[in-house]
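As given, the protein sequences belong to chains A and B, one line each in that order.
Going by the numbering used here, the first sequence opens with residue 1, and the numbers climb by one from there.
Going by the numbering used here, the second sequence opens with residue 1, and the numbers climb by one from there.
Simulated from the structure, these hints should not be mistaken for laboratory data.
Positions of the beta carbon are idealized from the N, C-alpha and C atoms, including for glycine.
There's no promise every hint is true.
[Stated by the list, open to error] Computed beta-carbon distance windows for the label pairs:
#1 A/T276 <-> B/A58: 24 to 34 Å
#2 B/N51 <-> A/R283: 30 to 40 Å
#3 A/Q250 <-> B/S210: 39 to 49 Å
#4 B/E205 <-> A/P149: 17 to 27 Å
#5 B/R47 <-> A/F272: 25 to 35 Å
#6 A/Q250 <-> B/A36: 37 to 47 Å
#7 B/G130 <-> A/E288: 15 to 25 Å
#8 A/G114 <-> B/E254: 21 to 31 Å
2 protein chains.
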Amino acid sequence: MSFDKVAIIGLGLLGGSIGLAVAQDLPGTATAGYDADPAVRQRATERGLANTICDSAADAVADADLVILCVPVGAMGTAAAEIAAALKPGCVISDVGSSKQSVLTALSAALPEGTAIIPAHPVAGTEHSGPDAGFAALFRQRWCIITPPEGADPAQVEALSAFWSALGANVEVMDPRHHDLVLAVTSHLPHLIAYTIVGTASDLENVTRSEVIKYSAGGFRDFTRIAASDPTMWRDVFLNNKEAVLQMLQRFTEDLTALQRAIRVGDGEQLFDHFTRTRAIRRSIIEEGQDDDRPDFGRSDHERPA
Amino acid sequence: MSFDKVAIIGLGLLGGSIGLAVAQDLPGTATAGYDADPAVRQRATERGLANTICDSAADAVADADLVILCVPVGAMGTAAAEIAAALKPGCVISDVGSSKQSVLTALSAALPEGTAIIPAHPVAGTEHSGPDAGFAALFRQRWCIITPPEGADPAQVEALSAFWSALGANVEVMDPRHHDLVLAVTSHLPHLIAYTIVGTASDLENVTRSEVIKYSAGGFRDFTRIAASDPTMWRDVFLNNKEAVLQMLQRFTEDLTALQRAIRVGDGEQLFDHFTRTRAIRRSIIEEGQDDDRPDFGRSDHERPA
Numbered sequence: 001m002s003f004d005k006v007a008i009i010g011l012g013l014l015g016g017s018i019g020l021a022v023a024q025d026l027p028g029t030a031t032a033g034y035d036a037d038p039a040v041r042q043r044a045t046e047r048g049l050a051n052t053i054c055d056s057a058a059d060a061v062a063d064a065d066l067v068i069l070c071v072p073v074g075a076m077g078t079a080a081a082e083i084a085a086a087l088k089p090g091c092v093i094s095d096v097g098s099s100k101q102s103v104l105t106a107l108s109a110a111l112p113e114g115t116a117i118i119p120a121h122p123v124a125g126t127e128h129s130g131p132d133a134g135f136a137a138l139f140r141q142r143w144c145i146i147t148p149p150e151g152a153d154p155a156q157v158e159a160l161s162a163f164w165s166a167l168g169a170n171v172e173v174m175d176p177r178h179h180d181l182v183l184a185v186t187s188h189l190p191h192l193i194a195y196t197i198v199g200t201a202s203d204l205e206n207v208t209r210s211e212v213i214k215y216s217a218g219g220f221r222d223f224t225r226i227a228a229s230d231p232t233m234w235r236d237v238f239l240n241n242k243e244a245v246l247q248m249l250q251r252f253t254e255d256l257t258a259l260q261r262a263i264r265v266g267d268g269e270q271l272f273d274h275f276t277r278t279r280a281i282r283r284s285i286i287e288e289g290q291d292d293d294r295p296d297f298g299r300s301d302h303e304r305p306a
Numbered sequence: 001m002s003f004d005k006v007a008i009i010g011l012g013l014l015g016g017s018i019g020l021a022v023a024q025d026l027p028g029t030a031t032a033g034y035d036a037d038p039a040v041r042q043r044a045t046e047r048g049l050a051n052t053i054c055d056s057a058a059d060a061v062a063d064a065d066l067v068i069l070c071v072p073v074g075a076m077g078t079a080a081a082e083i084a085a086a087l088k089p090g091c092v093i094s095d096v097g098s099s100k101q102s103v104l105t106a107l108s109a110a111l112p113e114g115t116a117i118i119p120a121h122p123v124a125g126t127e128h129s130g131p132d133a134g135f136a137a138l139f140r141q142r143w144c145i146i147t148p149p150e151g152a153d154p155a156q157v158e159a160l161s162a163f164w165s166a167l168g169a170n171v172e173v174m175d176p177r178h179h180d181l182v183l184a185v186t187s188h189l190p191h192l193i194a195y196t197i198v199g200t201a202s203d204l205e206n207v208t209r210s211e212v213i214k215y216s217a218g219g220f221r222d223f224t225r226i227a228a229s230d231p232t233m234w235r236d237v238f239l240n241n242k243e244a245v246l247q248m249l250q251r252f253t254e255d256l257t258a259l260q261r262a263i264r265v266g267d268g269e270q271l272f273d274h275f276t277r278t279r280a281i282r283r284s285i286i287e288e289g290q291d292d293d294r295p296d297f298g299r300s301d302h303e304r305p306a
C-alpha cells in the first residue's frame, strides 16, 4: 500500500516542510493542508506548502489516506477531535510530535476505536518556526522514529516508513516509552538547559545584557539558537514528557555538581579526564553524518567581510 | 607607536590565526613563532603560520616589539619565565587567554618589574584546536577585550588596540575583574554545561550511546560541538576563573531548579513566559552580527544530498 493523498494539519516548520518535500520527492502524491491560523493559511497558499490549502481541518482530511498532525503535542487531542468525523475509512493518522506516549494517549482518546494511529517523530528542525520556515530538504539524512502501538497493521507501518524514506529520512521503529527516554536526553534536556542559561544570563545585575550579546561568540550564542525555538511547542513537550525529562535532569544535576566540586577543590585531573572523554562523542556524530565538521558548523566565518 | 615585529608563543588555533591574519592584514609586520611541541613547529613551518618558526621561545621573542602568549592560561607563568631574559627592552607582552586576573598575576610574577604587560582576550574560536585549525579571518567582526593593569602606558594600550583592529576585531577596554565575570557567563558556564550534558548522555544505562549519536540532531549535537573544545585549555580556564564560574553556576542552578519545579507541577504559563523571553536575546545577537540567522547557522542542511 501507499498513500495517494496526504493531509497536513498545521503548516509551520514541520508541516510546511512535509508539503514541500512531498511535492519534490513524491510528485504523484496529492497534499491538502490546513492551519488554524488564517494568516498562516494565506502564507501557505502563497508558498505552495500543499496542493490545496483548506479552510477547515475536516475538508483537508477528506479522502486522505494519510493524515499527519503537525501541531504542538498539547494540541493533538483537539486537532484529532476536529477531524474524527471526516476521516476516510482505513486512513492512517500520524503526527510529528516530540513526545510519543502522550500523543498516542491523546489520539486514542479523540479518535473512533479502530482508527489506525501510528505516531512518528522526524528528528529534524531548526530554530525558526512558522509557515516561512519550512524547506523540502529538512528530513534528508535525519532519523524519523515511528512508534506504532501494539497491534498496529504491519502493512500500514511499512507504508508510513516508505513515506518517510521517500522524503530522505532514515526510519527506525521504536517503542513509544523508549522514544520518550531517548529524546529526553538528546533533545528535551538540551533545550531546557539552553532556555535556562539564556534566562540566567539576561537577569544578571553585574553583567549587562548588552555585554552578554556582544561577547556571545565565546559559546553562549549556540545556546541562544536553541532557546529561540517555538515556545508553545516546547512548553507542551515538557508538560507531556515530564517523567523522562525530570529523570534526565536529575542525572545532569548530579554530574554538574561533581564538576562544580572539582572546580571548587581545584581537581584539574578530573576536569581534564571529563573534557577528553566528551570529544569522542562529537567525533561519532560527525562520522554518522549528523553534523557538519567545518569549524562553527560552516557558519560564514571564513568569508567574513574585512 | 606600532609593532614592527610580533612574536607568537604557542601555535594552535589562536596563535596560528594571529600569524595568518598578520600576514594578510599587516604585511609590513614581521612574525616569529614558537611552540613547545616540535611536531607543531613542523606543521607551523609547512603552513607558514609565522615568517620564522624558531626552536626556542627566547629566539622567537628576540627583537620583538609585541609578544603574544597563546598558551593555556595555566601555562602563562612558565611561558613568561622562559622568555623573561630575552625580551627586547620596551616591548609589550600580551596574551589571548580566557581569564584575565589570573594571567595578569602570573605574568607579573614571572617577568621583570617594569615589563609592559597588557593582557587581552579575543573572543573568537572554533571547536578545533592545533596548528591546522587557524585561519586569517578568525577575528573579523569579533570582539577583542584588552585589560590593561593600572598604570599601563596609554600609548602602548593604543598600539595594541590598533593591532587587533587591523586584524578585523572590534576592541573594548575593560577591567580584568569585570572581564572575568562577563566571560564566566558568556563562555565559561556554557562550556561547563555542554561538557556536563555530553558526559551525562554518554553514561546512561537505559539509552545507548549509539542512540544518543543517532538522534543528536534534536538539540544535543550543538552541545557536543562546544564540548569538543581543547581539554587542557578549558581545564585551565575553570581553575583560573573559579570564583566567577562558581558564582554564575549558582545562579544557573537556581534558575534550573525553578524550571524543574514548573515542569513537575505542570505550570505551563511559567514555561511559556520563560521560553518567550529568551527569544529576544537571540534576535539581538543576530542584529549585532555575532551570529548567523540562517537556519542551523547555515549548516549545509539546505543542500543535503538526496
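Outcome of the hint check:
no., hint, verdict
1, A/T276 <-> B/A58: 24 to 34 Å, "holds (32 Å)"
2, B/N51 <-> A/R283: 30 to 40 Å, "holds (34 Å)"
3, A/Q250 <-> B/S210: 39 to 49 Å, "violated (23 Å)"
4, B/E205 <-> A/P149: 17 to 27 Å, "holds (26 Å)"
5, B/R47 <-> A/F272: 25 to 35 Å, "holds (27 Å)"
6, A/Q250 <-> B/A36: 37 to 47 Å, "holds (43 Å)"
7, B/G130 <-> A/E288: 15 to 25 Å, "holds (23 Å)"
8, A/G114 <-> B/E254: 21 to 31 Å, "violated (50 Å)"
Hint compliance for this structure: hints 3 and 8 are not met, and every other hint is.
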